[in-house]
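S.K.: Each chain, letter by letter, is given below.
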Amino acid sequence: MENESITTWEPKILAFLCNWCSYAGADLAGTSRIQYPPNIRVIRVPCSGRINPLFILKALQSGMDGVLVSGCHPGDCHYLSGNYVGRRKSATLKQFLEYLGVEKSRVQFSWVSAAEGVKFSQVIQEVTEDVRKLGPLKNFVKR
Amino acid sequence: MIQQKLREKAKELLSSKTVDLIIGYGSWTLPLRTTPVFIRAPEGVESLVWNSFCENNLTTYLHKFSRLKVGVVVKGCDARSVTALGLEKRFPNHRPLLIGIPCQRMVDRKKVKKAVKGEILQAVEQGELLLVKGEDFNVTLKREDFLYSVCQVCTHRTPLHADVLIGDPVEESPLVDLHPDVKALEGKSPEERWEFFQKEISRCIRCYACREACPMCYCSECFVDSSRPRWIEKSLSPSDLAFYHIVRAYHQTGRCTGCGACERACPMDIRLTHLTQKLNQEVKGLYGFETGIQPETLPPLSTFNPEDEQEFIK
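Here the protein sequences come in this chain order: A and B.
Just so you know, we're using this note's numbering here: the first sequence kicks off at 1 and counts up by one.
Just so you know, we're using this note's numbering here: the second sequence kicks off at 1 and counts up by one.
Just so you know, these hints were derived from the structure itself, not from any lab.
Note that this is a predicted model, so its numbers are computed, not measured.
For each residue, glycine too, the CB sits at the ideal point set by N, CA and C.
One should not assume that every hint holds.
One side of the interface only, derived from the structure: several residues of chain B facing chain A at Cβ under 10 Å [said to hold, decoys possible]:
| id | residue |
| --- | --- |
| 1 | 190 |
| 2 | 198 |
| 3 | 250 |
| 4 | 253 |
| 5 | 254 |
| 6 | 314 |
So here's chain B without its partners, still in its complex pose (with noise of 0.2 Å):
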């Protein structure tokens, strides 16, 4: 239903020339994948998809076009990058046309894959219900089970300032509860949290993929490749792993959306989001900001308030 009125329009969108190019999510041969697609003729639309693995944050792709028109599918977290990017000035030739389509929440596939025993070959969506088939099982499983955790926690899914809306607005949901690992990890003392986030960042393999992924990491030379200064060591050790995810993280202060697409994109399992999650928490709490409402609110780090907590100040 979704998936015909969004091809429609794309094609719409297409034909009439006001974009030059629609970034979408397509099929894929995995189950419980979708792929980023590149529709640029109208008679390309029909591979566009919409359902409950469409994961990606599309807006990462939008630094590489920045010279046409382009239209990007997206969620409400995606809408929300935009919008973030917008005040960064990152669309100095072209505003993206945003198609949005309020966000039912999309399912984590680790979580499925955990859930059964042996390798997925099918995966179809009816509903609210997941049929899940391999070699030898076929299991029925409820949608709403295997949530991304992001997502369990978003509150704002339907896309803001979209220029184009398919289908109905979803009810904002109130915030129901904070990011689990985050209130989890905020009842302990400092020496198990440093513990929890030692293990966890010590699978890294520094591949970067969150960074990859990431629409708001878009410098044109990180601070990890920058070589003079140079900020830290190309090395697996303890504290260098630190010392890259703390940072990583900061640099999302006041920006990151909450999309998750840093730990959706990690090969290696690494709860990311409850550090970006924190940040967003304390920013909300001491600048009352929420990444990607105001498309005029400058970000937290970009201005000051005379007034501004200073408790912490000898």
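Isolated chain A (complex conformation) (with noise of 0.2 Å):
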């Protein structure tokens, strides 16, 4: 039975994109038919820098087993900055809680921007994998 489990376990990674350009990055990506896995759950939000760590922990103790946060390049964030400022808040939280003990892969961040479809959907494989080789989240998530 737990085998079984196992083998049909398929890992679930949210993923805040930026309006601008991440958002509009998948969106092409599937306009132009571009395939990538079906794990991921998105969030759009305004901006990368709009994402409080708050919502990344959240989201690994309500059951996510991976987090990507993506955004427009640097220099290209629609509100001149947003992108730098939220850059800081993920390299900080990146590494408290890799110190914690929550494997690195578990929170990603990438840049991707409206003209690119098929890095988005690489990005996504690539978080997919990752995650997929750590397993199911099981020290932070709520029972």
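Given two chains presented individually in distinct reference frames, assemble the corresponding complex, making use of the accompanying hints.
M.R.: Next comes the structure, spelled out in structure tokens:
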């Protein structure tokens, strides 16, 4: 029974995509019929700087196996500096979670522009594979 | 000596009405402890004391007296808290007057209690020695063996930007060592680190003493109290405890001065400073920032640099 649940397990990944770049990138991947794993659940946010680290923790606590935050490339932010601010939050949170013992590929970050449908599909593939290797998140999820 | 000078200065400040209130340390009935005292009249200054048990970070009380001109007795770490709070515009009316005392590093009463058997009834400090008495013991301990771990790794013991400095400044000590817990943990595997973290926080009773003692925790509504959105349940499940401790510590990123008030306040003896010390170390490594040193440099998460490190981003 247990074996069965392992073999049928699929990683659940929450993707926070910024409205102006990554969400449009995901859209482009879709309209261009580019394949990527169906393991992500997308939440559209105005900007990657909007991401409160609480969102990421809450997602992991609520049963997500991985979280991806994706925004515009540096210099391309619709709000000029949102992704720079987000980058500092991401860097410190990532290091801190790693220090506490949450595997580092659980929380990932990427820059995907509106023209990068192919890159979006690659990022999703990479993230899904990384999280699949780690298996289900056990130590932080609320039962 | 320092105590006498402190009382004289406090009296002078109160009589000349430079300040309305002085927050300092007073003696208390329990050994190895001091209590915060709030003095409004010049006659009251005799209750001020200075010794190795003046561990509290008194700047946490400043939020309650924002309308008064307050003088506060500060050590190195407390002065850094005031600078950090000033950057966050916490003193719109009067910046508190800092009565700085170069710190000799404070004595950890929990370590002393572990070193002796039975209840400590009296503790006297004599230079570098501690004379500790109980019902059936009477021992002399070396002060430096019983210091707080955050004090051991403290580099700026002389209060920076103090308005009045009592006693001679002590030399800036070089960073001898990292926080012992951080150092020990960094060499371990993720599973061991998570296990350590779980073991520590499993004792948590969610009394929020760590939050209350911290001078940087002043939000009018804390995320744990917020019901819309409800970030966290009011339970003692391992997951919620982890959530609380991760977020409480993370909120101190680039703001923690490493005074150790959270850990001292914890009734369950949870080691909390290794979390905040790790964050301080991160911020220093990534952005070269140390809290409370420069009164003009913005905290790292309030600003950015286009050249920031981004190797971790795909």
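S.K.: The structure should be examined with respect to each hint, and the outcome stated for every one.
M.R.: Hints, one by one, checked against the model:
no., hint, in the structure
1, 190, "holds (4 Å)"
2, 198, "holds (7 Å)"
3, 250, "holds (6 Å)"
4, 253, "holds (5 Å)"
5, 254, "holds (8 Å)"
6, 314, "holds (4 Å)"
Violated hints for the displayed structure: none, as all numbered hints are satisfied.
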